[in-house]
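*Asks:* Chain order of the listed sequences is A and B. Each step along the first sequence adds one to the number in the working numbering, with nothing skipped, and position 213 is 213. Each step along the second sequence adds one to the number in the working numbering, with nothing skipped, and position 163 is 163.
Read the hints as simulated data drawn from the structure, not as lab findings. In this text, a Cβ means the ideal position worked out from N, Cα and C, and glycines have one as well. Do not rely on the hints blindly, as some may be mistaken.
Just a few of them, taken from the derived set where beta-carbon distance is under 10 Å, the chain A residues facing chain B [to be verified]:
id: 1; residue: Leu-12
id: 2; residue: Val-23
id: 3; residue: His-139
id: 4; residue: Asp-141
id: 5; residue: Ala-150
id: 6; residue: Asn-152
id: 7; residue: Asn-153
There are 2 protein chains.
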Amino acid sequence: MREALVAAAFQLFPERGYEQTTVDDIVALAGVGRRSFFRYFPSKEDVVFPDHERCLADMTAFLAAGDDADEPVRRVCDAARLVLGLYAENPAFSVQRYRLTKKVPGLRAYELSVVWRYERALAGYLRGRFAGRPDGSLHADVIAAAVVAAHNNALRSWLRADGQGDAHAAVDHALACVQAAFGSGRPGPAGAADEDVVVVVSRRSAPLWRVVREIETTLGRD
Amino acid sequence: MREALVAAAFQLFPERGYEQTTVDDIVALAGVGRRSFFRYFPSKEDVVFPDHERCLADMTAFLAAGDDADEPVRRVCDAARLVLGLYAENPAFSVQRYRLTKKVPGLRAYELSVVWRYERALAGYLRGRFAGRPDGSLHADVIAAAVVAAHNNALRSWLRADGQGDAHAAVDHALACVQAAFGSGRPGPAGAADEDVVVVVSRRSAPLWRVVREIETTLGRD
Numbered sequence: 001m002r003e004a005l006v007a008a009a010f011q012l013f014p015e016r017g018y019e020q021t022t023v024d025d026i027v028a029l030a031g032v033g034r035r036s037f038f039r040y041f042p043s044k045e046d047v048v049f050p051d052h053e054r055c056l057a058d059m060t061a062f063l064a065a066g067d068d069a070d071e072p073v074r075r076v077c078d079a080a081r082l083v084l085g086l087y088a089e090n091p092a093f094s095v096q097r098y099r100l101t102k103k104v105p106g107l108r109a110y111e112l113s114v115v116w117r118y119e120r121a122l123a124g125y126l127r128g129r130f131a132g133r134p135d136g137s138l139h140a141d142v143i144a145a146a147v148v149a150a151h152n153n154a155l156r157s158w159l160r161a162d163g164q165g166d167a168h169a170a171v172d173h174a175l176a177c178v179q180a181a182f183g184s185g186r187p188g189p190a191g192a193a194d195e196d197v198v199v200v201v202s203r204r205s206a207p208l209w210r211v212v213r214e215i216e217t218t219l220g221r222d
Numbered sequence: 001m002r003e004a005l006v007a008a009a010f011q012l013f014p015e016r017g018y019e020q021t022t023v024d025d026i027v028a029l030a031g032v033g034r035r036s037f038f039r040y041f042p043s044k045e046d047v048v049f050p051d052h053e054r055c056l057a058d059m060t061a062f063l064a065a066g067d068d069a070d071e072p073v074r075r076v077c078d079a080a081r082l083v084l085g086l087y088a089e090n091p092a093f094s095v096q097r098y099r100l101t102k103k104v105p106g107l108r109a110y111e112l113s114v115v116w117r118y119e120r121a122l123a124g125y126l127r128g129r130f131a132g133r134p135d136g137s138l139h140a141d142v143i144a145a146a147v148v149a150a151h152n153n154a155l156r157s158w159l160r161a162d163g164q165g166d167a168h169a170a171v172d173h174a175l176a177c178v179q180a181a182f183g184s185g186r187p188g189p190a191g192a193a194d195e196d197v198v199v200v201v202s203r204r205s206a207p208l209w210r211v212v213r214e215i216e217t218t219l220g221r222d
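Only chain A is shown next, with the shape it has when bound in the complex (with noise of 0.2 Å):
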């Protein structure tokens, strides 16, 4: 039933403008009744993003079953590929979404909110990765921020792109570039490896992405 009101909802949408369809016009076309549609949606707005509850439980859920041999920045950046998972295995309804958002600032404002709220999941978890550590809410803060933006500029290309193309790939690559920024390399146990020792000659005008892209080559860290 959920199912269906999602489906008559996004019937009527591209009809009648986002604005003109009311929830009786959504509970008609699926045939069911005012209140089944409040059992599952608190508004109107929640049946455009019948799904992000759910993915924001998985990602707590998921971010809490991690443990300390956790590389953090990695752990975050795992956790933000399930929002693309929602969004890429449904792609035509994923564009069709898209869409409407841009169109109607009411949605719009509703998916700013829902962004921040995966962005605090990412923070708060990388918070208490990073308590006692100095400036530890700040770099929590900062990288939550870079993973959010990195996979949301990955993520709006490929809507742009109508879904065509491979949104893994895409978002795998932006992310790649926050952990390069921000993580501290390969996981597991530091042992013999602590010794070993890395040289690195650059430039000093060279601008340092380019110096700290050097060093990731030279560590072989992707």
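Please build the complex by placing chain B on the supplied structure of chain A, with the hints as guidance.
*Replies:* Showing chain B alone in chain A's frame:
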């Protein structure tokens, strides 16, 4: 008259609650007509954030006034400081608004949309500066998000501490963290210094941010 309306609104919100205060209540206390209110503020939300439109315009103008000699990351950090200036010039008002915004979901959503517009202004500038670079738009979006997150981390700490302490120093410190990760270092002409070489020796297992900090220190960048 504009200031009188803001003052009246912020006298009434704590007394009656934000939702219970009407525009009529505000204009009655300010001693002006209803139409005067809407001449200055499109909605009740806008009276809570009376200076953001001006600040957004200032930020856009500031970014547009730059030239190619500006180091792009430093420029967006300086642009973000305009927002801090808005809060720091009136700590009591900023703290009062912070408390109100935390309590009223509608204002929280409004604030997210304001933050989003600042972030897009910064990202738009960086996209222009990075045009033609590989991953230019990705780097632009990630850096803009990181700048906003760093700025807001410091700003919110200051607001939570009731506006006590040096907000400017806190924001400078937070933004320096972003410049360290993404900035291309010293602005100014590249000349003889191009030939100047820096050698960094690091354990392979060192976290990347520590390597970057080491490079920063070596280069004498702040």
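*Asks:* Look at each hint and say if it fits the structure.
*Replies:* Hints, one by one, checked against the model:
1. Taken as an interface hint, Leu-12 (chain A) does not check out: its beta carbon lies about 25 Å from the nearest beta carbon of chain B, beyond 10 Å.
2. This hint is violated: Val-23 (chain A) has a C-beta 21 Å from the nearest C-beta of chain B, more than the 10 Å allowed.
3. Contact between His-139 (chain A) and chain B, as hinted, is supported at the beta carbon level, the nearest pair being about 7 Å apart and thus within 10 Å.
4. The interface hint given for Asp-141 (chain A) is met, as the beta carbon of that residue sits about 4 Å from the closest beta carbon of chain B, less than 10 Å.
5. Below 10 Å, beta-carbon pairs count as interface contacts, and Ala-150 (chain A) has one with chain B at about 5 Å; its hint therefore holds.
6. Hint on Asn-152 (chain A) holds. Least Cβ distance to chain B is approximately 7 Å, under the 10 Å limit.
7. For Asn-153 (chain A), the interface hint holds, since its Cβ comes within 10 Å of a Cβ in chain B; the closest pair sits about 4 Å apart.
When held up to the earlier numbered hints, the structure conflicts with 1, 2 and fits the remainder.
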